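Single-letter residue listing:
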Amino acid sequence: MSHSGTRLLRGSGKSSVGGVPTHALGASRIVERNLRLARNSWVVFLSGVVEPVIYLFAIDVGLGRLVGDVVGPDGTPVSYAAFAAPALLAASAMNGAVYESTFNIFFKLRYGKLYDAMLATPLTPSDVALGEIGWSQLRGLAYACAFMVVMGVMGLIASPWAVLAIPAAILMGFAFGAVGMAVVTFMRSWVDLDMVNLALLPLFLFSATFYPLDVYPRALQLLTQLSPLYHGVALIRGLTLGAVGWGLLGHVAFLAVMAVLGGVVAARRLARRLLP
Amino acid sequence: MGSEVRPVSAWSPADAGDERESLVVARGLTKRFDGFTAVNGIAFDVSAGEVFGFLGPNGAGKTSTMRMVAAVSPVTEGSLRVLDRDPASDGAGIRAQLGVVPQENNLDEELSVADNLYVYGRYFGMRRSQVRDRIPDLLEFAQLTDRGDDKVTVLSGGMKRRLVIARALINTPSMVLLDEPTTGLDPQARHLVWDRLRELTRQGVTLLLTTHYMDEAEQLCDRLVVMSDGGIVAEGSPRQLIAEYAGREVLEVRFLPGDRDAVLTGLDGVGSRQEVLSDRAIIYGEDAEQLTTAVSRRGVEAASVLVRRASLEDVFLRLTGRGLIE
Amino acid sequence: MLRVLEGELVSYRRTWRGSVISTFLNPVLFLSAMGLGLGSLVDRGDQLGPVPYLAFYASGLLAAQAMQTGVGDAAYPVMAGIKWLKTYHAALATPLTIRDLVFGHATFILLRVTLASVAFAIIASLFGAFGLGAGLAAVPVALLCGLAYALPVMAYTGMLERDTALAGLFRFGLVPMFLLSGTFFPIDQLPAVLQALARAVPLWHAIELVRAITLAVPTTWPWWAHVGFLVACGLVGGFLATWSFRRRLIA
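Residue numbers (my numbering), protein chains in the order written: chain A, 5 to 280; chain B, -6 to 319; chain C, 20 to 270.
Just so you know, the hints here were simulated from the structure itself, not pulled from any lab data. Quick caveat, the model's predicted, so the values are computed rather than measured. It cannot be assumed that every hint is accurate.
[To be verified] Computed cross-link-like contacts, DSSO-like style, restricted to lysine-lysine with a CA-CA straight-line distance of at most 27 Å: (1) K105/C to K112/A; (2) K102/C to K144/B; (3) K144/B to K112/A.
[What the hints assert, rightly or not] Covered, in the sense of this in silico footprint (three residues per stretch, anywhere, with C-beta under 8 Å from a C-beta of chain A), are these stretches of chain C: (4) 57 to 71; (5) 188 to 199.
[As the list claims (entries may be wrong)] Facing chain A, from chain C, some residues (calculated, C-beta under 8 Å): (6) I40; (7) F43; (8) L48; (9) F49; (10) S144; (11) F203.
Note that the Cβ used here is the ideal one computed from N, Cα and C, for glycine as well.
Model the full assembly from the supplied sequences, consistent with the hints where possible.
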């Protein structure tokens, strides 16, 4: 057949400009899309810095003065602010990952039609899933870094081990993000999403976030140890307070298992949802 | 493979008498969702450079077929090759060379017009500079040159549609799939979209489109299949289909409800074929003048008489016994 | 106005379950975690004098909850009425007026705050934070607080094109007010500048009034000044909301 070489089209050839990207590359395109969007919303980044300041300030100046010192993880007394700050970092890692993977993804799956557009390109469902998770991790990383800087400035970091709190927050992000994404694939309406809030609040309040575990009655202490947030809090608190022991690896293992299980279920369910 | 081909019409893929390569080859193509059969064993070929249409009402199976060709919906049964690849094993490779315009605009509403093109190009793995170079041309094609920085949410329906079409071209595709390209647009916006699509065909691109508009199929398609209830009921060029299933010219005789029987008796035997609807009789023939003369000679008490050329609407009416747009 | 309220109640019938659960569950969770749990640590010291932290915190939370309900119901639902679902446009195509719309929605919010506050008073009294009588006596303050937030926020929402600004309102408005206006600790622990800021938000005034009723402690300003402040916020907010809705819906 004959066709003229034109600006827009090559006509009916069998080659095209783009190759088929690998998974990692494909996923990075999704991250790039989200970055491009975030470029315009500096408010999001500002809030990432302002929020920790407000929270830590309220803890330090407010509750800290009411409470005084509390018993730290290794039995020595620590200031209340130094005790609660790492828990807030853990809680925000959880919240960020869960909201990103539930509300955001739910909206995109149901109303956005955005994923349809992505899947009409060489991208595959796992590219999309990986990309979304990667993006939410990137945000989590930025938030965790800002949080740590604020903690440092306020004198709430007691040990160089605290540097590891950032990867710990990322691990939490993977664990909660994967489970959130697995859960969202089962959700049918906004009313179901209320359940997410309903689940997060007790986790937030009862994971030894605001006071040591021994304040609870014995039975509740055991229950608390089932809370995934508890493991994140204990891990990050141990690191920022320098109370480091082999026990921390147990918390790491708990979160890692959660990430893997959640990820497997999410990938299976997403593929089914996106490619009927 | 041959045994699966359903004899759908006088025209069949085998005697196209054309050496052009086939970009899509479907045989016995079937799609079922939980027991519901959306596409039921259809066969068709799409040749390079042609505009191929699926014509049919909502629910006929057009979109399901398109989604299988676009390698985003697995084939339930039968064989399908797209761009000489198997969608089951090489979906990404196929999608890399397709442009897709879905039924509903799925633009990224949070991004600007130009960023929609940019980000989409990156999904194809194109280099940044490569995408950036293409954007001005595509904006010009979509007649959106000075709207690049606008949010897509403020665009009119026609502009959004043109942007989706331009977006589908970002990867210089070998074939563009358009699912109901002009549904929901006002007449002016529609003509603009048609104009853009003709521009593409002039440049030699292969288009595969679905529509439930007769005039659209007539305007754009070189060849089309008429779908109904998941199957193909006819296949050919618009002219062929009209000639075969409708005749060249048409007389529409409208009547008042009370006159129905009298009018129908009066019209008996006129023309090569008749369809009777609730308010009018449609009479097919080769020469409208002859038909008119015959009707007036019989003294039929019609409310009005209209002469027109036969259209695909008539083809569809003939093939399925019902109107196309219900 | 009553017809607007009726419409809201009809649609509320479909979504009430989630909000009822949070109306009862949230107070239980917060009071046990913060009031009892954290309270056990706070009460080791004597920063609050003879007042148990549970009672102090529960009183603050009664007002803070009214604020949250007021803001929440005045933000996204109004955005939906104006922009997403356009129910307000539909309502205005009937003989209803802008004023009906504003005060109908405000009445709906008032009902929600009443429900939530009465539930809270009952739950807090079961926790032993304060007597049921005192808790119920503080409910009118919660209503004032709810309106002092809801009406200005309705005005604000009416002026917005996009909902992202609402997220900002929650993060930079609601959260700091919740944390720093006396719910969790007395504001005299704050630096002078922030104390002045805390005194400028309705929540602090409402908390002062609630604590005066539930803890029998004196208010910082005369009681009528606190009441006056809340009423003024509601009145100005109501005026602005009417203006903002009119500007938005009747172009």
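Checked hints:
The suggested pairing of K105/C with K112/A holds, with an alpha-carbon distance near 22 Å, which does not exceed 27 Å. A C-alpha spacing of about 17 Å is found between K102/C and K144/B, which places the hinted pair at or below 27 Å, so the restraint holds. Taking the CA atoms of K144/B and K112/A, the gap is near 18 Å; set against the 27 Å cutoff, the hint holds. Using a Cβ-Cβ cut-off of 8 Å, 8 residues of the region 57 to 71 of chain C lie near chain A, which meets the minimum of three, so the contact claim holds.
As drawn, the region 188 to 199 of chain C meets chain A at 6 residues by the rule of a beta-carbon pair under 8 Å; at three or more, the given contact holds. With a cut of 8 Å, the hint placing I40/C at the interface with chain A holds, because the nearest CB-to-CB distance is about 7 Å. Interface restraint check for F43/C: the shortest CB-CB distance to chain A comes to about 12 Å, outside 8 Å, so the restraint is violated. With a least beta-carbon distance of about 5 Å to chain A, the hint placing L48/C at the interface is held under the 8 Å criterion.
Against a cut-off of 8 Å between C-beta atoms, the interface hint on F49/C holds, since the closest Cβ of chain A lies about 7 Å away. Restraint check, S144/C versus chain A: the minimum CB separation of about 21 Å is more than 8 Å; hint violated. At a threshold of 8 Å, the smallest CB-CB gap from F203/C to chain A is about 5 Å, leaving the interface hint in force.
Checked against the numbered hints above, the structure breaks hints 7 and 10 and satisfies the rest.
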